[in-house]
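Protein chains in written order, with the numbering used here: chain A, 1 to 295; chain B, 1 to 419.
Any given hint might turn out to be false.
No farther apart than 20 Å at their CA atoms in a straight line, the calculated lysine to aspartate or glutamate pairs in the DMTMM-like style are these [said to hold, decoys possible]: (1) B:K63 to A:E221; (2) B:K144 to B:E107; (3) B:K143 to A:E221; (4) B:K114 to A:D238; (5) A:K194 to A:E276; (6) B:K144 to A:D252; (7) B:K269 to B:D244; (8) A:K195 to B:D21; (9) B:K143 to A:D252; (10) B:K332 to A:E221; (11) B:K114 to A:D256; (12) B:K144 to A:D256; (13) B:K144 to A:E221; (14) A:K160 to A:E170.
Partial list, derived from the structure: chain B residues whose beta carbon lies under 8 Å from chain A [what the hints assert, rightly or not]: (15) L18; (16) L22; (17) T25; (18) Q26; (19) G27; (20) I28; (21) N29; (22) S30; (23) Y32; (24) D87; (25) N110; (26) A113; (27) T146.
For the record, the hints were derived by calculation from the structure and aren't laboratory data. All residues carry an ideal CB built from backbone N, CA and C; glycine is no exception.
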Amino acid sequence: MSFTKSYQMAFGAALALHALIFLMLIEQTQNARPVMELTTKNDAVHTNPARHQPNNELMRATTVDAKQVEETINRIKTKRAQKEQAEDRRQKKLEEQAKQARQERIEEQQRLKALQEESIARKKKIANEKRRLKQLKEQQENETKRLAEAKKQQQEAALKIAAINKRAQEEKDRIERVQKQQEALEKAKADAEKKARIAGEVNRYQALIVNAISRRWILPEQVNPNLFSRFRIRLAPDGSVLEAALTRSSGDSILDRSAQSAIYKASPLPVSSDSEVFNVLREINLTVRPENARG
Amino acid sequence: MVNRFIGLLLILFSHTALALDLELTQGINSAYPIGIEAFGDNEKAMEVKSVVAHDLAFSGQFKLITQPAVIGSGDVSIEKWRYAGADSVVTGDVTRDANGQYTVRCELLNAAAKGRVLFSETYQVQSNELRALAHHISDEVYKKLTGVRGVFSTRIAYVLVQEQNTRYALEIADADGHNPQSLLVSSSPIMSPSWSPDGRQIAYVSFEKERAQIYTVVVASGKRRLITAFPGINGAPAWSPSGDELAVVLSKSGSPKIYSVSLATGALKQLTFGNAIDTEPRYAPDGKSLLFTSGRGGAPQIYRLGLSDGHVNRVSFDGNYNARASYTPNEKQIVLLHRDDNRQYTIGIQNIGSNRIMPLTHSTLDESPTVSPNGKLVLYATRKDNKGVLGMVSTDGRIRLNLPSPEGDAQEPAWSPYL
Chain A
1 MSFTKSYQMA FGAALALHAL IFLMLIEQTQ NARPVMELTT KNDAVHTNPA RHQPNNELMR
61 ATTVDAKQVE ETINRIKTKR AQKEQAEDRR QKKLEEQAKQ ARQERIEEQQ RLKALQEESI
121 ARKKKIANEK RRLKQLKEQQ ENETKRLAEA KKQQQEAALK IAAINKRAQE EKDRIERVQK
181 QQEALEKAKA DAEKKARIAG EVNRYQALIV NAISRRWILP EQVNPNLFSR FRIRLAPDGS
241 VLEAALTRSS GDSILDRSAQ SAIYKASPLP VSSDSEVFNV LREINLTVRP ENARG
Chain B
1 MVNRFIGLLL ILFSHTALAL DLELTQGINS AYPIGIEAFG DNEKAMEVKS VVAHDLAFSG
61 QFKLITQPAV IGSGDVSIEK WRYAGADSVV TGDVTRDANG QYTVRCELLN AAAKGRVLFS
121 ETYQVQSNEL RALAHHISDE VYKKLTGVRG VFSTRIAYVL VQEQNTRYAL EIADADGHNP
181 QSLLVSSSPI MSPSWSPDGR QIAYVSFEKE RAQIYTVVVA SGKRRLITAF PGINGAPAWS
241 PSGDELAVVL SKSGSPKIYS VSLATGALKQ LTFGNAIDTE PRYAPDGKSL LFTSGRGGAP
301 QIYRLGLSDG HVNRVSFDGN YNARASYTPN EKQIVLLHRD DNRQYTIGIQ NIGSNRIMPL
361 THSTLDESPT VSPNGKLVLY ATRKDNKGVL GMVSTDGRIR LNLPSPEGDA QEPAWSPYL
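Taking the hints into account, I'd like the entire structure generated from these sequences.
See the structure below:
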């Protein structure tokens, strides 16, 4: 592209140069005319007002002596002779000048002709150049077009690649997702197994704890089996009863105390050494309902 | 924000859910293990302690734990009692001041629940009141631990026959049989003592006039009043719960029948009719009915008479000899004399609504059951070493013991109401 630009600049410069030359040529042809006009101007010199002054001097001279007149006549004669000579010389010079001008004009015409030829040649050359430039431009355009096409192809290719990449990424994501799901499933399964194991242990210890308290719970006589009380039991890791707080009284203080005593007497209660199982057993809400006596 | 709130709620819920929910529905039937710590080294302190210990032991509700070897003071002591198996501990001391008065301090501690004080009291008494105070302490402990009023300060009346049936005495003693005093002494038979509902009088049958008569006697003064002296049988007096009248058995018009006698007017009203023998009336605690023994079915059985409508229905069906029935204070059971299949006379108990009689005793000649005012114990007459003695059995049959008896035969005990 830059190449074509510099080329265009060069071409432009050349064109400008040619134009300048052409203008100069036209200027010269215009100048030729004043040269020819100069002759008519020279004729007009006789009618020039500047020639009245010597006439006035002549009129004044008539009033002077003859000698002076003679002399003056001589002088005038001389002057005239001189003037004629000068005129001759001037004529000759003018002729020469005209001749020279003719000569020059011919030369000029020749030169002009040469110049015209040269101009034609130049024009031809310019046309050629233009054609070439046009060709070049076409070539360039073709090239640009080709480039654009290539670019387009490239873009299309890029799009295709992007699409492929996207698909690949999607596939990767999908695999990752599936893997994650798989992992989550496995984790859930492991968690469920763990939970089930803990729940099983908890169940076992629940039964042991209730049994331990039950064996020490001396039922008050003639207790109302519809009553119930509730205790919050806190256990130490070794099963020791830290607290057996009455959270809901049955209304029968004897029943409440009998159960509370049973809880304390059953201390330490059976608990698991597995901390996760123990954590479930750590705090117990015990509902006490005097339904029946054992065996 | 809302999510956070919900999250917070969930945390709160899960926190409450964190506590494991368990349910306890089964317990054991067992006497309540209790420890009685020494009240001191002096004789009176030892007496108080032994009275309390004995009371609680015979109540049927308690199992006395032997005092652990070394007893320190404070919590250490409580811990030792706890390890020894006591749920509660009675502790205290007895001190004598310059005036001869005694200061008795008593505490009931919950050994199971880390020595929490359940009861604490200080008393000042004279020397001769120490035994009564000890019974009072037993009552307090009993009430605190069982929720039921104790009967250790109540009294019993019984007939004591001495000197080859030549000396009859109406004896009044503490519920544990101690401290007996003769209210009446006679050379003629005394029978069927019965306490008035307020515990101030006793009705009884006297043969002092060579025939049966029904008297009442004021316990405090010994002042007597003749109630009935009809020809034939005048027997088995029983006070109505209101204390206004006595149910008595009279045979003035043939077979022994049950009448009521107004204590205010002496007005007599026949309650049972027919030719069969009706005897041993006992009012229900609500006063609306009475139980009696009747031979109208061929063999002695218990019947119930509705006092408003006069309707009679049979109550006992188990065995062919049941007599001397009375309700427990809650009217849920009947305690009676029951002859079992081996023709042994025992004390039995029957739940209302059931026909089955559960034997409470297993000796051969038990008789005259009388129920304690709290319904937990039954006092009865039995024979031991060819001698009439008083026995006591808890209504659950768990505890059975004989009361200390003086020389002679103790017969027909009657348990006083709450005094």
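Original post:
Given G27 of chain B was flagged as interface, is its beta-carbon under 8 Å from a beta-carbon of chain A?
Top reply: Status holds, d = 4 Å.
Original post:
Is the Cα-Cα distance between K332 of chain B and E221 of chain A 20 Å or less?
Top reply: holds, 14 Å
Subject >> K144 of chain B paired with D256 of chain A [C-alpha distance capped at 20 Å] >> reply: Distance ~12 Å between K144 of chain B and D256 of chain A Cα, so the pair holds.
**OP:** Closer than 8 Å between Cβ atoms is the bar; does N29 of chain B clear it against chain A? Give me holds or violated.
**Re:** holds, 5 Å
Original post:
Taking the closest Cβ pair, is L22 of chain B under 8 Å from chain A?
Top reply: Hint holds; L22 of chain B Cβ to chain A Cβ min 5 Å, cut 8 Å.
Original post:
Taking the least C-beta to C-beta distance, is T146 of chain B closer than 8 Å to chain A?
Top reply: holds, 6 Å
Original post:
Measuring from the C-beta of Q26 of chain B to each C-beta in chain A, is the shortest one below 8 Å?
Top reply: holds, 5 Å
Original post:
Keeping to a limit of 20 Å between CA atoms, is the pair of K160 of chain A and E170 of chain A held or broken?
Top reply: holds, 15 Å
Subject >> Interface restraint verdict for D87 of chain B against chain A (beta-carbon cut-off 8 Å) >> reply: holds, 5 Å
Subject >> Restraint status (C-alpha distance of K144 of chain B to D252 of chain A at most 20 Å) >> reply: Holds, at about 12 Å.
Original post:
When the nearest CB of chain A is found for S30 of chain B, is that gap smaller than 8 Å?
Top reply: holds, 5 Å
Subject >> 20 Å Cα cutoff - pair K144 of chain B, E107 of chain B >> reply: Answer holds: K144 of chain B to E107 of chain B is near 11 Å, not above 20 Å.
Violation of the numbered hints given earlier is absent; every hint is satisfied by the structure.
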